[in-house]
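Number of protein chains: 4
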Amino acid sequence: MIRTKSFRSIVKNYKAVFFDAFGVLKNHQGLIPGIINTFEYLDRKEIKYYLLTNDSSRSPEMLAQWYQDRGVRQVTADKILSSGMVAMEYFKLKVSNGNSVAYLGTENSAHYIETAGLKTVAVKNIDLNDIDHIESFAFLDDEGFNWNEDINKAINLLRKKNMAVVVANTDINYPVNQNDVSIAIGSLADMVEKIIGKSFIRFGKPDAQMFLLAYERALQDIDVKRNEILMVGDTLHTDIMGGNKFGLDTVLVLSGNTLPEMAQIRISSSGIIPTFICESAVVE
Amino acid sequence: MIRTKSFRSIVKNYKAVFFDAFGVLKNHQGLIPGIINTFEYLDRKEIKYYLLTNDSSRSPEMLAQWYQDRGVRQVTADKILSSGMVAMEYFKLKVSNGNSVAYLGTENSAHYIETAGLKTVAVKNIDLNDIDHIESFAFLDDEGFNWNEDINKAINLLRKKNMAVVVANTDINYPVNQNDVSIAIGSLADMVEKIIGKSFIRFGKPDAQMFLLAYERALQDIDVKRNEILMVGDTLHTDIMGGNKFGLDTVLVLSGNTLPEMAQIRISSSGIIPTFICESAVVE
Amino acid sequence: MIRTKSFRSIVKNYKAVFFDAFGVLKNHQGLIPGIINTFEYLDRKEIKYYLLTNDSSRSPEMLAQWYQDRGVRQVTADKILSSGMVAMEYFKLKVSNGNSVAYLGTENSAHYIETAGLKTVAVKNIDLNDIDHIESFAFLDDEGFNWNEDINKAINLLRKKNMAVVVANTDINYPVNQNDVSIAIGSLADMVEKIIGKSFIRFGKPDAQMFLLAYERALQDIDVKRNEILMVGDTLHTDIMGGNKFGLDTVLVLSGNTLPEMAQIRISSSGIIPTFICESAVVE
Amino acid sequence: MIRTKSFRSIVKNYKAVFFDAFGVLKNHQGLIPGIINTFEYLDRKEIKYYLLTNDSSRSPEMLAQWYQDRGVRQVTADKILSSGMVAMEYFKLKVSNGNSVAYLGTENSAHYIETAGLKTVAVKNIDLNDIDHIESFAFLDDEGFNWNEDINKAINLLRKKNMAVVVANTDINYPVNQNDVSIAIGSLADMVEKIIGKSFIRFGKPDAQMFLLAYERALQDIDVKRNEILMVGDTLHTDIMGGNKFGLDTVLVLSGNTLPEMAQIRISSSGIIPTFICESAVVE
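Top line first, the protein sequences correspond to chains A, B, C and D.
Note that this note's numbering has the first sequence beginning at 1230, numbered continuously upward.
Note that this note's numbering has the second sequence beginning at 1230, numbered continuously upward.
Note that this note's numbering has the third sequence beginning at 1230, numbered continuously upward.
Note that this note's numbering has the fourth sequence beginning at 1230, numbered continuously upward.
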């Protein structure tokens, strides 16, 4: 069995922590038991914390509400950085005034983009004979549309008109319970990209823009260098790869995607090496 | 513009012809006009002909009926070789007596496998707590199931039990009218393969086993060597690549997937070089 | 630990055996100890045997000599089927009289193609201003040329003239001793294909044409159906995948690439399932 | 033919310009004729400029010298941001004191890393029995080593010891004259990554970290927002993709990789859409 360290003994040496959410702070059953201690400890030590999530289906406010409802008052909207926010930044800079962003996802996922003053239109509501106003396309969420009908419609829209396509969640699947997974919008986007042969723009860990957004947020709160920040995640290819590449120290926790008995073999076979390994992010 | 030859001047030099169906003999509007002349010419010249199709959604009998209904009496079931047949061959040899093949597709697509004495079960009818009898899995057709529900269910079945997975149609999309395409089962299979990280077995052009099946059928009718057979198709990566690799001479026709104005650029950029290029497979 | 069966108890039920060579009959130290017993047993039982190898660097005669020199008189050239032979078949059918096949590899690897009456020219000897006579290109062996100079020269040749490119050995690396591997010509070909963006023709396991060649050879000796043949190999993605797909029963042996402690995890994670698992192909 | 705009009419609206070097400012024959006018114009208008290059073979000082030697006094080392600098940043943050970075490349390419106080060791000088001090690996340049010997040695080093691997130049090839290209270190790295099955860390356009480095440099000189910066490049997949994704306006110039007659087809088929298209970056 792999040798782990206590999370407390590590985190105390940093000025700020970036947390992945699923598998680190919560799982399909709810909060990771004891995780509230971690936030109380960080508050006492005046260590800043931020959540980095490849979730573009909800606004930071909605994501924060989940924690508030479970008594973790520390996780507020301003602590949450999502790949949906990076996508929104992009659309704000690149979509012309008055034009629309077509999307696959729920109304919730699009609502967030609209808060930036952008127009959106669900693929199911598009008239393929009236697409002049559509300037960009976003893959936001795997729910909210009919897969067969609307993915095919999206393909034909993208064949009719050349436009920038953004994938706001690059995860390929996500757990729905102890045993089962569900296909994430990232996989659907990969399939469409291969069929139409174009190059999509991807946001979300391990991409540097996600870490940049979080780093800029941290800089608003404290003066901190990259090597004074700890990235904590349960997935080698997103959390640890992205954190390492951005120059952060990284902790792999074994409370999520990467099972204790597989951790060493996954690290060896992937070549993605966390700075530390901990059982979980719980401070006992 | 690319220089083409008359199909008659080429085909007369061969003992047998392998035809791709869609884009060569028919398109979304029906038979390619004049194609019946081709079959009458081949009959007069005693040149044998066979259809090779990456279509696993229907039996040869059902595929042949389409031609019969349109007056092409020459295209009978025994002239048709489909990737569904190669898949059925595989299941006959490899699935144990009494066990089942799970599938995504229409009942029609599964019915064909059942004619070989095999049991099949649609993914939607599977009880994930009772899967001992399921020994193999087939991707057959993009219709006949709920994409969201059943593709996710297929993924969780394949995570629960390790079994051979066959992709009986490797096309990534197909035309539904002049302008639009629809995602083919091959793309859905590629997505599932990537998510679960396993290696699927693929049948259909350009794979050699498809050509082997057709060649063995031809040998039942005549004594013919590979270089006495002409492969006729509209798609470089399946028809022409597969034919070349199997040692056949090949004709690219410009009546389907490969448009006349793009033919030369596609050949140059792909490095897949047909022996000949013809406007169509019609014998004037 | 995985449960294995004795090779003798399995092989006795078949009319013919296809052996992979490296990791099954020999390794970097020489013959697998005791393997000669296997051939004597097969001879006594009148079970036919053939070697299928992704080795295009030597002729069957040269490959057989290695076994003869070590006292295995049973392995003669007519028992050996190599991916180089499939490539030679292709060139015989597709290269015009008088034209040349350019190649990367040793003179030995090209000599074999020349025995079929074809002309060859090593990349290092090509004058890039005189390439009209070059009709096809072959990746044969990782030795016999300067990697830096000649791979770059090959790329520029293939950019200047569109021609069919054959990869006669699709292995990506090969062991040179207990610990170390060496890059195989298949990896160099993959790199060149990606750089020039074209589609190469690949021969060798798991491709069906390799198995077809061996099956046709077997049919010259005996009347045998596919499910009466046993494929024996140490590598899931080539030997076992290819054998399964061709409809053969398969044995994974643990004397080569797939280590005993990793066999089950490799089978589970790849979804490539051998019919049987044996310690080795040695008949005690 | 595609409609282009004059570079002057566009660039005048921005506070800063990011230039790709090869194909924009220079080509294999030397400086792009007239490009010095562009720098003089930008100086007059007080528009800042920076060079972003996927070149990790030389230090900014050496890269700047090339321009100085040709009379472009404006291009000084502090204006140049290379993927080698991003790699050096990474090593400074992640490699422990006293440990070494193994590399493939020239001594020049490694010298630059050493200026940050890091130790380096060329693969050819490594003793594979004494690798405890090697903590990281860098692909720097395609020259300076024996491809056959040293790439194989690198593979066996990376199999013996798990370490982070950085690819400091992700280009797959580069032009050596009007007609010919040469394999870049990025392609060699891709090949090694595939053989050993690990995940390498890639720096250089289109990756966001390259743009972040340049943006941080610009912020030292002026107060500028992302949408006040213009990225100018000749390659859709690196310059334009990366610039768009980072939120910059982009200009595709037709003086390099993307030929005028192919520009529209490349844009349509890739889905990578520059904000503007110009014949060149020359201000007349």
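Bear in mind the hints are in silico, worked out from the structure with no lab data behind them.
Take the hints with a grain of salt, since some may be wrong.
Note that the list lumps identical chains together, so a pair holds whenever it fits in one copy or between two copies.
Below are the DMTMM-like pairs computed for lysine to aspartate or glutamate, each with C-alpha atoms no more than 20 Å apart in a straight line [what the hints assert, rightly or not]:
1. K1427 <-> E1336
2. K1241 <-> D1272
3. K1390 <-> D1409
4. K1255 <-> E1508
5. K1353 <-> E1378
6. K1382 <-> D1409
7. K1382 <-> E1372
8. K1382 <-> E1513
9. K1389 <-> E1490
10. K1348 <-> D1359
11. K1244 <-> D1450
12. K1308 <-> E1513
For the identical chains here, do K1390 and D1409 meet the 20 Å Cα criterion within one copy, between copies, both, or neither? This pair counts as between: shortest inter-copy Cα distance 13 Å, intra-copy 37 Å.
When Cα atoms must be at most 20 Å apart, do K1308 and E1513 count as within-copy, between-copy, both, or neither? neither (23 Å within a copy, 50 Å between copies)
At most 20 Å between C-alpha atoms: does K1382 with E1513 qualify within a copy, between copies, both, or neither? neither (51 Å within a copy, 39 Å between copies)
Using 20 Å as the alpha-carbon threshold, which applies to K1427 and E1336: within, between, both, or neither? neither (26 Å within a copy, 34 Å between copies)
Within, between, both or neither: how does the pair K1382, D1409 come out at a Cα-Cα threshold of 20 Å? between (29 Å within a copy, 9 Å between copies)
Using 20 Å as the alpha-carbon threshold, which applies to K1353 and E1378: within, between, both, or neither? both (8 Å within a copy, 19 Å between copies)
Is it within, between, both, or neither for K1382 and E1372, if the alpha carbons may be no more than 20 Å apart? Cα proximity of K1382 and E1372: in one copy and across copies (16 Å, 16 Å).
My question is about K1348 and D1359: at a cut-off of 20 Å on alpha-carbon distance, are they close within one copy, between copies, both, or neither? Intra 15 Å, inter 48 Å, cutoff 20 Å: intra-copy only.
From the Cα coordinates, with 20 Å as the cut-off, is the pair K1241 and D1272 best called within, between, both, or neither? So K1241 and D1272 pass the 20 Å test inside one copy only (11 Å; across, 49 Å).
I want to check one pair: K1244 and D1450. Are their C-alpha atoms no more than 20 Å apart within a copy, between two copies, both, or neither? For K1244 and D1450, only the intra-copy Cα distance (11 Å) is at most 20 Å; the inter-copy one is 28 Å.
Checking an output row: K1389 and E1490, CA cutoff 20 Å. Within, between, both or neither? This pair counts as between: shortest inter-copy Cα distance 19 Å, intra-copy 49 Å.
Within, between, both or neither: how does the pair K1255, E1508 come out at a Cα-Cα threshold of 20 Å? within (14 Å within a copy, 45 Å between copies)
Of the numbered hints given earlier, the model fails hints 1, 8, 12; all others are met.
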